[in-house]
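**Student:** Chain by chain, the residues:
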Amino acid sequence: MTIVDRLLGFKRNPRVHKIPGGIKPPAFKASSLRSRIMPTPIPRKLIMPLLQHQGVAACPVVAVGDRVLKYQLLAEARGTSSVALHAPTSASIVEISNTLVANGSAELQLCILLEPDGADVAVEITPIPDYRALSHLQLLELVTAAGICGMGGAGFPLAEKLRLSIDKGVELLIINAAECEPYISADEALIRERAELVVAGSKILQSICLASRCIIAIADDKTAAITALVNALQNSSIELVQVRAKYSIGGEKQLIQAVTGVEVPVGKLPSDIGVLMQNVGTAYAVYEAIVEGRPCISRITTVTGSPLITPKNFETLIGTPVSFLFDLCGIDKSAHTGSIMGGSLMGIALPSTKVPVVKTTNCLIATCAEEFPPAAPEQACIRCGFCATACPVSLLPQQLYAFARSREQDQLIDYGLFDCIECGACAYVCPSQIPLVQYYRASKAEIHEHRAQQLQSAHWQTRFQYHQYRLKEQKDEARERKSSRIETQAAKTSNGHFSRVRAREEIADAVARVKARKSKFISSSNIDQEKKD
Amino acid sequence: MQSLAACSPLQHSRLTIGRIMLLVVVACIPGISMATWFFGYGLIINIGLAICVALALEAAILTIRQKNVRLHLADNSALVTAVLFGIAIPPGCPWWIVVIGIFFAIVVAKHIYGGLGQNPFNPAMCGYLLLLLSFPLEMASWYLPSGSLLEQQSFNPLSWSGLQQSMLLSMPFLAVDSISMHASIDGLAMATPLAEFNMAGKSALLAAQESGLSIFARTSGTGWELVNIGYLLGGLFLLYRRIISWHIPLSLIVTVGLLAMFFYAPGSSAAYGTPYLHLFGSATMIGAFFIATDPVSAATTNKGKIVYGIVIGCAIYAIRVWGSYLDSIALAVLFGNFCAPALDHFCRPRIYGHGRSKELGS
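In the order they appear, the protein sequences are chains A and B. If you're matching positions, the first sequence starts at 7 in our numbering and goes up one per residue. If you're matching positions, the second sequence starts at 36 in our numbering and goes up one per residue.
It should be emphasised that the hints constitute simulated quantities derived from the structure, not laboratory data. Keep in mind that a hint or two might mislead.
Listed next, the in silico EDC-like pairs over lysine to aspartate or glutamate satisfying Cα-Cα at most 20 Å (straight line) [claimed, not checked]: (1) B:K102 with A:E384; (2) A:K209 with A:E166; (3) A:K450 with A:E479; (4) A:K360 with A:D72; (5) A:K360 with A:E384; (6) A:K360 with A:E101; (7) A:K450 with A:E486; (8) A:K51 with A:D123; (9) A:K274 with B:E173; (10) A:K274 with A:E428; (11) A:K24 with B:E173; (12) A:K174 with B:E173; (13) B:K338 with A:E166; (14) A:K51 with A:D72.
In this text the structure is predicted, and so the values were computed from the model without any measurement.
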């Protein structure tokens, strides 16, 4: 974007606030936006991880061998920070076992494996065309039952976030449609084709959280989506705000800053300043859950990457294996070098294409060697400061890197390691190809471990001190008992009074006795000697 | 699957150190060409010699330190050091001076401190200062292409004889008839404008300025204006490509300019020199855009960079006007290097969510 554009952009959006940092990587979104959203056929196998969100895994309510119908509950939420799971189609439960999923590590997770029967028979659902008929708590109940978590990628349970926000009082609801990360176009496609439904979902969310204002924030480069939204928002109280398209404006805290000019204070949540943010995908899921009565069993996922012949956005069932979607697009296997779940900057490399799409999967990328060359060798930091210019939180990544290498934990904390949102902008621009985010994650883990150790050692120290104290107590008691025993003995012998004189007499008596015995002995021995002589 | 990075981000901007350093060298080209046009091939010879020696030394040290020689040579950092060093030393100084200087720069100032990224001081300037302290006479002798001030006959430094003379100045062992050549070479030497200004020839220089000599005339004996404009252009190119940020050059140039304006008294003795002379009649531009912006030894926070530029600007002016050294840039930059860690510590940006808190709707 040129300087002129930028100036014009500011004129267009006088309400948008400037946020520091940010990068503008190539978007790679055009190819997946060429075609419309396509519903996927039912795959032969569905893998439903019990933990698809942040928090506690859901608890299965079905057993192996059961036949389930579409929308039927598979696993119920275990407490408030958990999310229920529903069957995406009619199927039989084949297995409940630990399976490979996309979680950034090689750790297996408990999944329910379904074998769809293809009939797609559904349980009865109750659509509520007019949500205004229900109170906000009734709506909240329905949303909770629908098993929705944040669809933007982080996957925070929606019901819990809503409850937290309602308790603290929400002034402003922001619907996040910034979608600033390269390759991901799911939200843009969704708005382009279903803007009315997204707006309806946003209204429901607004009436649940009782916010007085609702803003849809979108990046200014999504022209088709903006037009659709402007049309859908006619005669609506919901406002549309266009923010400058740069990465990572779609981060929760960053978008709040860009829209309101207010920063979420350190250690606080957006709800503490009266703001609730939800992704457009979540708003759409809420619309589906209330107006159509369908629990969250599908989502819009971008499937893209240059090895794919026709990249597109799919309305895909949760649990669909990644390879199924790649095959639907047609994949050039010789060019395919790897797979990513999420965008190219915050996504995770997939261990295999057998892993399933989950509720937070906004994008799947099939990588090729040209766009994703193998990581270059790490070179020395030349403190060029590109990273500091890119950081949306105004950290100094170059200093953090130096402290991370020398393991200076106090300095790391002082320089704001825990304010890092791990957006990866610093590592993206680093000319030395230093994997900065990796260093920060390792340092965070180290500091957590160190703190845990400290807590534990403090715990053991207090235990030890108690132990020492108890030992001392026992010793003191024993000493007291002993001295009291001596006293009672003394009392027995001297009618309660210890007398120095009497003691001396006793000693003198004893000495006299010994002397008498000795003299007797000496005299008798003398007699013996005389006899010998 | 192994081809992807282990940790996000999985994509990279592809701007590497090697490319950044190469762009810095490219940005030097306008200034170098200008300087060559005025002072002849001496500068090119210096730079070429410095590059060869620097790369050889870098490769040798990397081998000794058991590093990946190809990978580290490709970062082009030795190349930049050599070019900046070659620009700084006067054309026409003997080859062994170049070798000593670049040895000190690469081996002592850079690798003994731990190599690229670890050196607290600017290596090129360290090498240059060593020479300045050890060989003051040679370092003060700057080629005079044509001596309007010294009443020499007109002479084109870019001609064949100019090349010959440059070669002979640099490598005296090439001379067949050395005695006769030396006679003419002596006549070609003069000090840099600022040295002239600082030492004795204030009046001569001022006279040259006042007589309204065109800055485009090679015979003016000043010549520095166009060289500075060349480096200014190169610096603007680096700014445009976002290789350097504006903070250091701007604050440095503004500081020098303001100080020069403040102390300059046109009516009186004019002993402090005009702001014009300070900005364009000396090495200020190369210092501001190429030397002070060396990221390794400079301050790294934006606020710190501004203060860093001011510190160096003040030091440049003070050393020029009140100091006794010929050159001010190198000393001033090293002084700035000393201050950089403290500046970084005290000039940190405010982190998101820390400090001032604003209310929603206010």
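**Student:** Determine for every hint whether it applies to the structure shown.
**Tutor:** Verification of the hints:
As the CA atoms of K102 (chain B) and E384 (chain A) are separated by approximately 13 Å, the hinted pair is consistent with the 20 Å bound. Under the criterion of a C-alpha separation no larger than 20 Å, the hint pairing K209 (chain A) with E166 (chain A) is consistent with the structure, at around 19 Å. For the hint pairing K450 (chain A) with E479 (chain A), the CA-to-CA distance comes to about 43 Å; that exceeds 20 Å, so the pair is violated. For the given pair, K360 (chain A) sits about 24 Å from D72 (chain A) by alpha-carbon distance, which is inconsistent with the 20 Å threshold.
Between K360 (chain A) and E384 (chain A) the CA atoms are separated by roughly 31 Å; this puts the pair beyond 20 Å, and the hint is violated. The hinted pair formed by K360 (chain A) and E101 (chain A) meets the criterion: a straight-line CA distance of about 16 Å does not exceed 20 Å. Restraint check for K450 (chain A) and E486 (chain A): the C-alpha separation of about 53 Å exceeds 20 Å, so the hint is violated. For a cut-off of 20 Å, the pair hint linking K51 (chain A) to D123 (chain A) stands: about 10 Å separates their Cα positions.
Straight-line distance between C-alpha atoms of K274 (chain A) and E173 (chain B) comes to about 65 Å, which puts the hinted pair past the 20 Å bound. The suggested pairing of K274 (chain A) with E428 (chain A) holds, with an alpha-carbon distance near 18 Å, which does not exceed 20 Å. Between the alpha carbons of K24 (chain A) and E173 (chain B) the distance comes to roughly 54 Å, so the proposed pair goes past 20 Å and is violated. At roughly 76 Å between alpha-carbon atoms, K174 (chain A) and E173 (chain B) are farther apart than 20 Å, so this suggested pair is violated.
Between the alpha carbons of K338 (chain B) and E166 (chain A) the distance comes to roughly 42 Å, so the proposed pair goes past 20 Å and is violated. For a cut-off of 20 Å, the pair hint linking K51 (chain A) to D72 (chain A) stands: about 15 Å separates their Cα positions.
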